[in-house]
Amino acid sequence: MQRRGLIALLVSLAACTCCGAIAAAPSEYEVKAVFLFNFSQFVSWPPAAFGTADAPLIIAVLGTDPFGHELDAVVKGERVGAHPLEVRRYSDVSQVKDCHILFIDRSEATQLGAIVQALRGRSILTVSDIDDAARAGVMINLVTQSDRIRMQINVAAARAGGLTISSKLLRPAEIVGPVEG
Amino acid sequence: MRRTGIKRSLMTMLWLTSGVVVLVTAAAFSAYELLSARQLAERNLMTLGEAIASNSTAALAFENADDATETLSALKAEPHIVAAGLYTSSGKLFAQYRPSGGSEPLPATPPRLGYRFEEGSLIGAQPVVQEGRSLGTLYLKSDLGAIYERFRLYGLITLVIMGLSSVVAYLIASRAQRQISRPILALAETARAVSEKHDYSVRAPPAKENELALLTHAFNHMLTRIAEDQGRLQSQLTRLELLRRITRAISERQDLPSIFQVLLRTLEDDLPIDFGCACLKEEDTQTVKLATLGGHGLAFVEALGLQIGDTIPIDQNGLSSSIEGQLVYEPDTREVRFPFPSRFAKAGLCSLVIAPLLVENRVFGMLVCARRSDHAFSSTDCEFLLQLSQHAALAARQAQLHDALQRAYDDLRQSQQAVMQQERLRALGQMASGIAHDINNAISPISLYTDTLLEREPGLSERARGYLVTIQRAIEDVAQTVARMREFYRPREQQLVLARVTMNRLIGEVLDLTRARWSDLPQQRGVVIRLETDLAPNLPEIMGAEGEIRDALTNLVFNAVDAMPEGGTLTLRSREASSKDEEPHREVRVEVCDTGIGMSEETRRRCLEPFYTTKGERGTGLGLAMVYGMVQRHSAELDIRSVIGNGTTVGLSFPVSEASSGVTERASALAMPNRRLALLLVDDDPLLLKSLRDILEADGHLVTAADGGQKGIDAVTGAAQRGAPFDAVITDLGMPYVDGRKVAAAVAAASPETPVILLTGWGKRMLSEDDIPPHVDRVLSKPPKIADLRSALADLVTRPAEVT
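Residue numbers (my numbering), protein chains in the order written: chain Z, 32 to 212; chain U, 2 to 805.
A portion of the hints provided could be inaccurate.
DMTMM-like mimics (lysine to aspartate or glutamate), calculated; alpha carbons at most 25 Å apart, straight line [stated by the list, open to error]:
no., chain 1, residue 1, chain 2, residue 2
1, U, K93, Z, E61
2, U, K93, Z, D178
3, Z, K107, U, E64
Please keep in mind that the hints were generated in silico from the structure rather than gathered at the bench.
With the rest of the complex left out, here is chain U (with noise of 0.2 Å):
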């Protein structure tokens, strides 16, 4: 375990430096010994030596053996001495011995002088003197006995020094160790408590000495910074949960307000605050507006003074560095002198947060948070705060791309109706185009018929006449029918045939036609339509083309009849006005009124659209869009003001024009070429042929008839080469084979003087594409009228006559 791990190496530490250190101190002393035991023997030897050979001179210098024997024998004192001779001057061995039961040998003359370890031995040669006179010499041998037994002393006291030395220095090791370990030990508890409960409270005992109070004191210190952190920590987690909730939940919603409304919620809940709403930045004013409070917000409503849709004006309350996107905190309302947060000091809120909304760098709003006590919020609340406000300003800005997103998906939905809906008028119009042709052929003859005999047969009875005057009318409502099928479709702006109208005269049409719808109808079921009208008098005329303008007018009288289906007022007034445009000139307006139901905002954007419609079936949403259309072609504005439940208007601004160019005198209608013509006439319709030509040659004209393109064509290239070529060529346009086009080619490269005129079933509709043809210098539509063909005649036949 870790407990005894670091008790058992300290000790070991302590135990092993303090048994190094007596084993130096033992080697170092043996060492020592070793040296002096082996020069304590030798001493020792040498003084035994001296001392033998002091006895000894007597012996040796009298020659009594017997004596040197006995003085010898004195060593057996020294157990060591393995063998002694006492040698003569002269080195004869003059007494020698032994220990008993030993048996060294003994040198057999005296060895060198001096004391000396040799093969395990001490040897000494002492010479024997006296008075200075040498008398022989003493050998001594010892084994080195002594030494090894003194060794064994001295071992033995070293090992029970060390045995003791060990025992005191484990006690001291163990009480210092412990000193030392265990604060260690207890700090060590306290990491492991701390690691395994993950409680910071913990503290580890204070310790006594200096270096470890201070690491425990660290230690305690870092537990309480983790402590800290850990809260810290913690705070910050379900601070970052509770945003993802919030995060999440107000992704799922495409509304401001639900937005608002559950960011509010969550946050009192959670966060939590007392008081929460949000303001939405009003668009071109200084002010906000309360847009949604939090669930707790009602019980401080009255106490605040607010309400829902309230606006505050940002300067006078200090909210303008809020608007500038910045956080706003007031730890303590009650020391601010703004209106606005003093009414929260007032409601008993005393801390304050504002958090902008911000999109684009731009803050639409703003989130208002509010506690109770003062300095509620810490830094990392507002911190907190922001962060949430940039998610939620950021919902709201995905909430209102949806909007916008939803929007445009309607529009092109609408549009893609609208596309659908003009193909399916587009094929009806070429359907109708067609048949307005034929018809058009098949009246062609009727109508000049008619209209010769009215003009060239003064013997006709009374009653004839009117029934030709009747066909003749007739015969015009058909034609005109056929227009107007024909106008059914207008894949685009038409060129116009622009008249001077005067429009109170038109507004009286107007009303005339409709009478029915504002007057009669409405009557049967009981309901009162007043009409009022206030024209102007002296109106100036107006360039425009009276039908669309009549057709218009007819429209708003309808609308705003439909708009009153309880009665009302139907106003119609004209006057005159200045445009307030750059540049300033006279204006017709007209306005048409009525006291009905009025539109709302989103009516009133959209009803110019076609296909839009409030009267659901009855409707074909095209009405306005015909007006507008008028209106841009006329250079026209167009103005609507509507309340709801208290009517609409509608003006209409026609700019007084001075031009008059290329408009047709009604006069010159009545022109007559002055003098007879050849005339060549081209159309595969034998009728029309026929009838033409008896109209032309009644009025005097030599008429050559072509039934074909191709006959057309000889007949013009066959005049040409005789030399007298027709003076004018009328031409029908649909031919099969060889068409007007190609006719109208061939005269202009036979002779080019000769004017061609066309004739056309699809006479305006050409016009209106642009699609007249090289050298067609006029274009009639069938069926034709003899006053227009008499006039177009006149105009390029007798023209060039006049110049030449």
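Okay, chain Z solo, but in the shape it has when bound (with noise of 0.2 Å):
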């Protein structure tokens, strides 16, 4: 089922290159959401992070989401181990709940601070494009540098949530330091 999807993405990602020539390079969201998909990959929870063996792996979007339904179209019968992946969206930091991956929008830049609060020490891997979010505690934070989006983390946040972030993904990314605030 993963394969097919990914196959389904090769696909889609085969037509565009094929139609690339005409069609533009795919979006910055486009980009990122597969980035949010990929992080399910590299990283590992504490089991208490899921209810079940079985249960859904969810990858939640906080403010306004920027990707439309590119990131539905990403996680689409995508499964990782025995969890699958469930899209949700939440207005508010209060709202999140049960939730592995979220990833912060722009538009919440200023109430940073206070989500990094509330989410602190849960289990729950914080990805933003906010500048400098990762010195602000969120765990990864995607910078565009010329025209590539480079990955921060902050790999004492991640610890301090309990997320296991693997070597691999810190090698390509820049580790930032333990700024707390």
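Two independent chains are provided; combine them into the complex using the hints.
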């Protein structure tokens, strides 16, 4: 199923590439959607994070959803281990409950400190593309540098949330020091 | 050289074996290496690929090409990677790596997954997977340098090991080789020494190893055997040479003693033996005679108590098996009880071999060899002696044959001479016969007329009568001389005219006749020969030819006198005996004995042969031959006893026969025909014809004379035709043209009743040759005696008259 999804993705990518001569390169959020999904591959959650063995792995978007339907398209039919994927959207941090990956949209930039504060100690991989979000305590910050998306990872924050981030993910990423705010 | 040959081959063998083992091991090892090196390279690449792929997941997942390139650049540590590339899951080349200076192209799209060798390279396509999700493909291409490097290394190691193992193998091999080859080389060395020097006393040094020790032992044993055989062969050769020498030496000799002499000498010197002698078997007795002693023999003669000529009994001495043809070996004479070997033991000769001398399965003697020490003769010696004795026997046999041949040759030469003599005598006899015939014819008238004158002329003066008697005696002497002359040649046995003979009277006559020889002549030389006669009275008469017996006795007396040149006693003996034959009959035995020189065995054996004489030129060699002829003609027997120096006795035994048939009675000679007869006389000699005619006419017969055969036949046929045949025809035998035989035949044809009297100068000879022609009724010899003539006429003519 997972593979089929991958193939579907590849097919769609191929289609994009085919049409690439005419169509534009994938959009920023298309890439970021895939990144979000890919994080599920490199991060491991404590067992308590899942209610049951086949409980869904939930990817949530906090604030305005910049992905549109892209994120849904990416996770559709995919599984991580025994866990099916589910996409949720929250408008407020208080709504965030059983969530495993949380993308914090730029719309929430002002409240970022509060959000981080609210989620501290919880086993939720926080991802954001807000500038210096990592230093603000978000675990992974997606930074656009010369048309490429780079990662900044706050390892201490992730460790505080009981998450283990694969070293593989750490290697291409920039490690951001634990500046407690 | 042979030495290095076996060493080298052993070395090579051992070395090659270990080399092949090492090579095969190395080859197997290399094959395994090749296989495992490829697998290892593949696995190494796989490991590398997996590591790189694993490290590339994040880079691919988050499209971080720099990171991916950096990850790939870690391949620098692996110098054999010639190209590497990362492809995204969409198949796009995402990142690539080439070593510095490398320009290996990368495929545009990710190749088929998996690892494989392709075109001299190892290619791997490894999926990049994170949490079961394929993120892309890693492509790796490696040259095979690693494998080659590995191989080089292994090759080097193999070479070094092989070199080392060769050295070690060489050391082991040379040591092992020495252990094997040293005893073999020692054997070879010994064998070479033996074959070069022919010295079989060399021995190979004993080896330690079992099999080689066995081999060496066997070799040494073989050498011992060869040395023994060599020795045996050598002694055999020596023996053979000795045998050859002896055989040659004895074959050059022709007489037994010298054969034995050379045989014994050679044996003593060369076998050698201490004593040797040869014995000959005595005929008909169970003894052997010691014939020849060897050169050493004299030293033992006394101790042995044996002399040449001594006889040794066979049975008492245990020689019988030797006489049966077996070789007898007494290894220790001291332990034998028989006297003959005991003598040897006493003489210090302790071992004894007696080899038989055997010819044609008959033992004629034995060869005796002895040695001082006991058990001194080996079986080879015995074998040799047996062989030698066979050769010696053969040579002896040859000598005997040679002797016999020589004797036969002598006999033959003698016979040849005898035949020549006889031929000469025959010619002489024929001549004498012719002369006798002529003389007989010539004296016939003298004899006839003398007889007539003495008979018919009573008026003769005493003186004339005396003269006539002298003439008559002279004529008789002439006639006898002629007769003897004719008897000189006697080609075969005569038909005897037998008469009664009184032996004692005859002996007296002989002694009278020979008195000059046994009495007068010796006395002139001062030699006395005494005569003794021992004559049995009342001897029966025998039937015989007096003259022949007289001649024979005369000859015997002459021989006896000749045998006594120094004088002695001549004895004549007569007696009656009875023969010891199967048919006993009475015999008259006469013996002439002398006390003279006697005869040797040879002379005694040969004395009866014609022309054999011991008297040199004086003797004819016919005397005893004549005696023997007489004896045979009289069915008598002759025996001679003689001892050299003691004299000779010759005995004659005449059978006494009662038969008197065919004997003309003296009385009948006085008979006269009782009537006047018509007679025909046929002769070519007119003198004889006339004298016969005169005498027969004087007897009152009617005589017709015919001077020749043809005239005689005419007269016979004429008389027959007239019917007045003659009462008898008296014809000469030898006449020209028509002889007495033809006359006799004509008489038989014309008047078969008429008897024919044949007169012949060959008278007796014709009788002897059974040559009386047919139709002849009586043969009278010339000169005819009146009495004989009358008697014949009376017999032939009167008898038929008496019958009728």
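Okay, the hints, checked on the actual structure:
Among the hinted pairs, U:K93 with Z:E61 is consistent with the structure: their alpha-carbon atoms are about 18 Å apart, no more than 25 Å. The hinted pair formed by U:K93 and Z:D178 meets the criterion: a straight-line CA distance of about 19 Å does not exceed 25 Å. For the suggested pair Z:K107 and U:E64, the alpha carbons sit about 21 Å apart, so the restraint of at most 25 Å is met.
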